[in-house]
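Protein chains: 2
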Amino acid sequence: MSPRVLRVALVQDRDRGSREANLAAIETAVGQAASAGARLVLLQELHNGPYFCQHESVDEFDRAEPIPGDSTARLSALARAHALVIVGSLFERRAAGLHHNTAVVFDADGSHRGTYRKMHIPDDPGFLEKFYFAPGDLGFTPIDTSVGRLGVLVCWDQWYPEAARLMALAGAELLLYPTAIGWDPADPQSEKDRQLDAWITVQRGHAVANGLPLLAVNRTGFEAAPDSSGRGIRFWGCSFVVGPQGEFLARAGEPEPELLLCDIDLARSETVRRIWPFLRDRRIDAYGDLLRRFRD
Amino acid sequence: MSPRVLRVALVQDRDRGSREANLAAIETAVGQAASAGARLVLLQELHNGPYFCQHESVDEFDRAEPIPGDSTARLSALARAHALVIVGSLFERRAAGLHHNTAVVFDADGSHRGTYRKMHIPDDPGFLEKFYFAPGDLGFTPIDTSVGRLGVLVCWDQWYPEAARLMALAGAELLLYPTAIGWDPADPQSEKDRQLDAWITVQRGHAVANGLPLLAVNRTGFEAAPDSSGRGIRFWGCSFVVGPQGEFLARAGEPEPELLLCDIDLARSETVRRIWPFLRDRRIDAYGDLLRRFRD
Chain A
0 MSPRVLRVAL VQDRDRGSRE ANLAAIETAV GQAASAGARL VLLQELHNGP YFCQHESVDE
60 FDRAEPIPGD STARLSALAR AHALVIVGSL FERRAAGLHH NTAVVFDADG SHRGTYRKMH
120 IPDDPGFLEK FYFAPGDLGF TPIDTSVGRL GVLVCWDQWY PEAARLMALA GAELLLYPTA
180 IGWDPADPQS EKDRQLDAWI TVQRGHAVAN GLPLLAVNRT GFEAAPDSSG RGIRFWGCSF
240 VVGPQGEFLA RAGEPEPELL LCDIDLARSE TVRRIWPFLR DRRIDAYGDL LRRFRD
Chain B
0 MSPRVLRVAL VQDRDRGSRE ANLAAIETAV GQAASAGARL VLLQELHNGP YFCQHESVDE
60 FDRAEPIPGD STARLSALAR AHALVIVGSL FERRAAGLHH NTAVVFDADG SHRGTYRKMH
120 IPDDPGFLEK FYFAPGDLGF TPIDTSVGRL GVLVCWDQWY PEAARLMALA GAELLLYPTA
180 IGWDPADPQS EKDRQLDAWI TVQRGHAVAN GLPLLAVNRT GFEAAPDSSG RGIRFWGCSF
240 VVGPQGEFLA RAGEPEPELL LCDIDLARSE TVRRIWPFLR DRRIDAYGDL LRRFRD
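Chains as they are written, first to last, in numbering that gives the first Met the number 0: chain A, 0 to 295; chain B, 0 to 295.
Derived by calculation from the structure, the hints in this document are not laboratory data. Among the hints, erroneous ones may be present.
Put simply, identical chains are the same to the list, so a pair is met inside one copy or across any two.
[To be verified] Calculated pairs, EDC-like style, for lysine to aspartate or glutamate (alpha carbon to alpha carbon, straight line, at most 20 Å): (1) Lys129 to Glu59; (2) Lys191 to Asp123; (3) Lys129 to Asp280; (4) Lys191 to Glu222.
Construct the entire structure; sequences and hints are all you get.
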């Protein structure tokens, strides 16, 4: 199998205090990625602002943006200027009272190749997303680009093997996860360690189960709670890239913004799936109850 | 949450050359497990003999056994004698020309509580199981015992998130995998390392995705190829137990037979699922294509 190498860049960053500052930082990072030869740049979840879902406030809807809109125009121009694919993540205003957590993909010519609306929406203390985001209604549909067919999923989706599998079954060549996950500062270190390791492990598991490379980019930095009810979140960074056996190809450090570069050989999936042909043996005749909430 | 601790034992062993020798070794190990306070013993895949699927030979069907039969009677008596639950794994002869790779569960009173026929059947060089085993027809159904509801799956099943999920949706409290997996001695060390790590990782991923503890017991030792077409298999041992965040609770070494003991707090799943309620947010309205071979 001849190698088919794709250089990717993951922009692991902290919130810089304003949409303008965040987009400026992204433009700098994408320029650096392009100079380093990257042909695909993955941005973190909701990169234009803070992770505002720590509380429920109607004022936060002011952050939402239409798609297409100013931000998509800017990301499109950025992709075209550097001739690379960009996967972004926006707080989408679809209509009054109807918003989504939405990934957008721009090809190297600046064209908007597709949109993915986050399908699984969390709601836990500190991550109150059900207030802000309607569950996605575009399904688990990969997006075709000049660098390959991208299985873009977002954050909470990363815990669901179903999401990764559906992308693989639709021919995705890469799984990509913009995320914003971190620690409750009140948790003991042992719990923090388990959470971080679980987050990495379940995604590596998707790579293995589907014989696909996987990219996860995560926010970093501490964001204080917007009101007295919360303790803030320490976003844990630790962005990573794994190959189709779940093997680490690149890992970012935890505490700091980082531009993580990585070469992925897309031909490895073919090799790995020949020795581990999991798709061949799925028992689709016996999976019907996967469509039930619980088998009771 | 009050702890609900279950001590389990995994019998990681090599083939000892005959059914009688293997069963005698199992009887010794189960006695040791009972003395150490274990209430559940998990035996490895096809523990009564060598891993005969390295080649395709009709003579190997002589190894198959009826269920119920001599082996189930012996495992039942062993469970009753030590008042513990035993999960065994047999080459089942169901009818002439119809065989299965079958797990059997005996409760602490010796009663046969249930049977699981391996649903996903591999077929790769060295693991020619499609010749020997018809795919299971009992579905992904957990088995109730006095120590809890057991989600028993077998070897190749371990690569399938669907199998683990269906067991979790049916209320399984533990996932258990008797396995027989090893290295092709001709593979380079880097590939061996990736395979072992992928095997551990994908199963830890099932534990995380479902908030369940998971036990995997694997064969050890080298088994030469029965004919000149193969290179033999070095079974990699490395049996392990993880908790509901995929955290390691116990790990066996690679090269040697070992009785691996572990305490599992079954109440941890309740705690973990409260902070990570993945079952709540599954998009069962959008999972329909999981029942397709491929989305093309």
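Now the hints, each set against the structure:
1. Taking the shortest Cα distances, Lys129 and Glu59 sit within 20 Å of each other inside one copy (13 Å), while across copies they are farther apart (57 Å).
2. Taking the closest pair of Cα atoms, Lys191 and Asp123 come within 20 Å of each other only inside a single copy of the chain (16 Å); across copies the shortest separation is 40 Å, beyond that limit.
3. For the homomeric pair Lys129 and Asp280, the shortest alpha-carbon distance between copies (10 Å) is at most 20 Å, but the shortest distance inside one copy (36 Å) is not.
4. In this assembly of identical chains, the alpha carbons of Lys191 and Glu222 lie at most 20 Å apart only when taken from the same copy (17 Å versus 42 Å across copies).
Every hint, counting from the list given before, is met by this structure.
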